[in-house]
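Novice: Modelling step: build the complete structure from the supplied sequences, incorporating the hints.
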Amino acid sequence: MTVTTEAIRPGQIAWDRRRRALAAFWRQYRKDRSGMIGLAILVLMILVALAAPLLANSRGLDPALATYPANAGPALRYPLGTDSDGRSVLTELIWGSRISLLIGFAATFLSMVIGAIIGIVAGHFGTLRNWLGRQTDNVLMRITDWFLVIPFLPLAIVLARTLGPSLHVIIFVIGITSWPGTARIIRAQALAVETRPYLERSRALGAGHWHQMSKHVLPNVMPLLLANTILTVAGTILSETTLSFLGLGDPTRASWGEMLNAAFNSGVGTGNALWLIAPGVAIILVVMAFTLVGHTIEAVLNPKLRER
Amino acid sequence: MLDGALAAAQELRGEEAGAAKVGTGLARSLGVKVFSALVTLFFVIVFNFFLFRVLPADPARNLVRGSTLTASQMAVINKTFGVGLPLPRQFWNYLVQTFQGHLGISFEFHIPVASVIGAALWPTILLVGSSTVLSTIIGVWIGIRSGWDRGSAFDRTSTAICNTLYAMPDFWLGMVLLIVFASKWAIFPAGGMHSFGGGGSGFASVGDLLWHLTLPAIVLTLVYLAEYSLVMRSSLIDELGSDYLLTARAKGLRDTMVRRRHAVPNALLPSITLIMLNLGFVISGAITTETVFSWPGLGLASYSALNYPDYPVLEGAFLLFSAAVIAANLIADLLLTVFDPRVRQA
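Protein chains in written order, with the numbering used here: chain A, 185 to 492; chain B, 221 to 566.
I should point out that these hints are in silico values taken from the structure, not numbers from a laboratory.
A short list of chain B residues far from chain A (calculated; beta carbon distances all over 10 Å):
#, residue
1, Ile-265
2, Leu-305
3, Pro-306
4, Arg-309
5, Phe-329
6, Ala-373
7, Pro-409
8, Gly-422
9, Gly-427
10, Asp-463
11, Leu-465
12, Arg-480
13, Pro-516
Pair by pair, the computed Cβ-Cβ distance ranges are:
#, chain 1, residue 1, chain 2, residue 2, range
14, B, Asp-475, A, Ala-235, 52 to 60 Å
15, B, Pro-306, A, Glu-384, 47 to 55 Å
16, B, Phe-559, A, Ala-207, 43 to 51 Å
17, B, Ser-462, A, Ala-391, 41 to 49 Å
18, A, Gly-348, B, Gly-461, 50 to 58 Å
19, A, Arg-318, B, Val-266, 23 to 31 Å
20, A, Pro-381, B, Gly-461, 28 to 36 Å
No residue lacks a Cβ here, since even glycine has one placed at the ideal position from N, Cα and C.
Specialist: As structure tokens, this is what we get:
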């Protein structure tokens, strides 16, 4: 029996502090009714997407195997009616949620990585009092400004067209066009973090740029980055819908946007109206849920916003 | 997109402060802005070159992919794109042609791209202009009412509606309106800009145009109204705690006067800046709405160019859309410099 092993492990204090902060965050978050509604919708949607194989047979997606009558209204076997190929709209909707959410998350991840790296590097080197640092910041922010000016939709259309239709291209195109806002916000926060005494201390102890950025700046911009991520997912899902609607998506892996594209091309108002309405409602619910959750996180992190 | 625009709006004000310090006066700082807008435009033109002619492995083949072209058309394409020439030479030719206004020949219509774009410009300006005016007026009005009486029934209802509209794909709203008003009730036409045969002459023709304009304009108005009213609401709420409002009330002004004379003018500035910045994006954002309603503007032209595929038209449209954003940025920036003394003297 040794007593010394009971000593505090390295990092223990930091982890305890983080756990307490998370608990306090959740207590604040729970008070916001719209944030909780958004979270509930989100959890439900993600569960549906994960459980798609249990909820609907994927064979129902193959037009060659479709056995139902085309353009039929709701019935017991196909509660939301069928499309022009005789596939159940509900089956398409359930499987489409996977693709829409996957593209939303993957594109957001890409956009966050680019935005965070550019924001942190610009913010960190921008505070250095030398020519190279200022120029790094300057050049990065010029690039950001410039991406902010390029209209998203035409650029995405041109890129998707030149690179060809596929899931990866859609994710890449949305990711590469949606990061500038994040980079701006993260840079502003990084500039604020850079003036704190703990960074001065770490510099005095001889920390290099990488250490300062990864161990001090990044953890401190992380909460903001999280709120921004959630809000960005709402935007990327809408972007995916728009690009797929214009026929730039992957037709073999039908997202909600692809469903809208197919419904539009088969003639609006001629077939089963639910084929068009259902994916739209699903998109609105998911986008709203992400927006509500994102705004609630923002409000918890920034008490100045809370009174809104 | 809203976040991006907001960040840009904030940055504008920030940069403003820096630029004013360097300049000796208003004219100097305006000159700097015009110059930097021109530089950005030049970068867009350079980027355009890379996007369409360098990025694809075999530009000429990529350009004609999926379309059937005769040998003479192929020769024209080879000539305009300078296939076989060294890259710097191609780039120089491209720059000269672009600055002379030669944007190439449309694959689909066999006329200069500038004419295709020119014909599509006015329908887009009509649609975007009318819906911007409507969404600004209604959106700002709703924002003021709900921000001033925060938490009231009006505020809660309008914020919920605006959040829903903000989450809605505009083309989906368009299709739903089409089902209800064009297929089911047949009150409005299903698309296009004129009835067959032009829809009469004189007033009848104008009436016909407005009748066709109604549904697409409603869609764009509703979608942007949501954004503008949410921004107006939050910038008014930002002003609510201000000392000058307390002073105004202490002077004994009625609530309406405090709102109209003191709070709204201060809250209006960020909203108007955002609306101006947004204007450039609205033009390209109309692509989907124009597609749904077959509105013969720039959006529909880019959509059909995308499907043909008609690369010269797509390239020209992209240039124009980018130029629109840069111009809107510049105008917002100039207006802010002229009208906001705080920004100018900072």
